[in-house]
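Protein chains: 2
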Amino acid sequence: MSSERIIQVERDILGKNDRLAADNRARFRADEVLVFNLVSSPGAGKTSLLVRAVSELKDSFPIGVIEGDQQTSNDAERIRATGVAAIQVNTGKGCHLDAAMVGEAYDRLPWLNGGLLFIENVGNLVCPAAFDLGEACKIVVFSTTEGEDKPLKYPDMFAASALMLINKIDLAPVLDFDLARTVEYARRVNPGIEVMTVSARTGEGFSAFYAWIRKRWAKLKQAERTAQG
Amino acid sequence: MSSERIIQVERDILGKNDRLAADNRARFRADEVLVFNLVSSPGAGKTSLLVRAVSELKDSFPIGVIEGDQQTSNDAERIRATGVAAIQVNTGKGCHLDAAMVGEAYDRLPWLNGGLLFIENVGNLVCPAAFDLGEACKIVVFSTTEGEDKPLKYPDMFAASALMLINKIDLAPVLDFDLARTVEYARRVNPGIEVMTVSARTGEGFSAFYAWIRKRWAKLKQAERTAQG
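Chains A and B, in that order, give the protein sequences.
For reference, each letter of the first sequence is one residue, going 936 to 1164 in our numbering.
For reference, each letter of the second sequence is one residue, going 936 to 1164 in our numbering.
Keep in mind that the hints are not guaranteed to be accurate.
Since the list can't tell identical chains apart, any single copy or any two copies may satisfy a pair.
[Unchecked claim] Dumping the calculated DSBU-like pairs for lysine-lysine here, alpha-carbon to alpha-carbon at most 35 Å:
1) 951 <-> 1028
2) 1028 <-> 1154
3) 1150 <-> 1028
4) 1028 <-> 993
These are calculated hints, taken from the structure and not from any lab test.
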């Protein structure tokens, strides 16, 4: 198969995904649901971070979670243990969630009107960058254990994300982690990226993260009110 | 595009890769070069591990390194600083090395007759599992910071690897890392996988890793002698 043919096939796949992502986005808007797509390397701590966040936000908002993994339903079970609804999607050989998977999983969640939907993507710093799921924005979770150079080595993901949550900040002292350098590298590929440091283990930094979510939620409400005249 | 058509395209891509991987394997055998394909999540420490290994093995073997990353030539520069030849391959949007990239990079290395070639794949626990590069075997580098459940959640990579190097073992005491559980999960998806613990930072465990390499190298030599009658 020629490279031209492969590129055409990739375009077709992405084009189809973009159309389904637009459908998802319209549904989320109609339901007034604010949707975040969490992306990271495997093991950066997305699930631990979500377990804490949904536990602490569930009294303020209707919340649902869609969990993506190649195999197992471990993550959805961890979320459900908090009392929050979660749907597990297994991608099998697949390396990312796509808009069709998210649309089907959303059908199986309770109605989240006026609430939050967190989508935890497959742990992969490459492929999920190219696939719009209909989210309001991507949040890249980055662990202090991964090394400062990752934004330069995997630039697409950091360029595609609105917020970088630097997790496991409690481990920074035992590593030789250079926070300023990491932020500089992330802003080199995405000058507008917002940055927060958190520890899913200790809870450090989460109140700032919640304030960020509430601000985006208020903006969404305001935009809807304006649209309705 | 139909799913059947997409599956056919994937088969064509993998089939072409397998043919080029067989060509690479024949060249490596003719040159008597033992080739390892190192795979892991981003930030598991493959490059730090290789910097130490090639520094400590370069007086015993001719050594070359092929470095795969979406962007930057940082890793090849780190290897070259040890005096060992390294070729950087940038995959751009791509999420894995393929056999064609490795064949071209191998042409640009000095002749490694009777030596070792380390290929450091793009940090990605999904896609590189499906792409044979012509290596003798895959080595999956797994960091204690990633969480014990990763072999179950990304089974293809652990099933495809002959050896799991559990890196950052010096951090195990400050994490709640459960070594026995990690090994049990890895053997659930690959009963034959060998396991070693190392720390690229302290050097712990590397002599056992070198003994493992020497044993495989001796086997390769013996197989060649047998083949030559």
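Structure-based check of all given hints:
{"no.": "1", "hint": "951 <-> 1028", "result": "both (20 Å within a copy, 19 Å between copies)"}
{"no.": "2", "hint": "1028 <-> 1154", "result": "between (38 Å within a copy, 33 Å between copies)"}
{"no.": "3", "hint": "1150 <-> 1028", "result": "between (37 Å within a copy, 33 Å between copies)"}
{"no.": "4", "hint": "1028 <-> 993", "result": "within (33 Å within a copy, 37 Å between copies)"}
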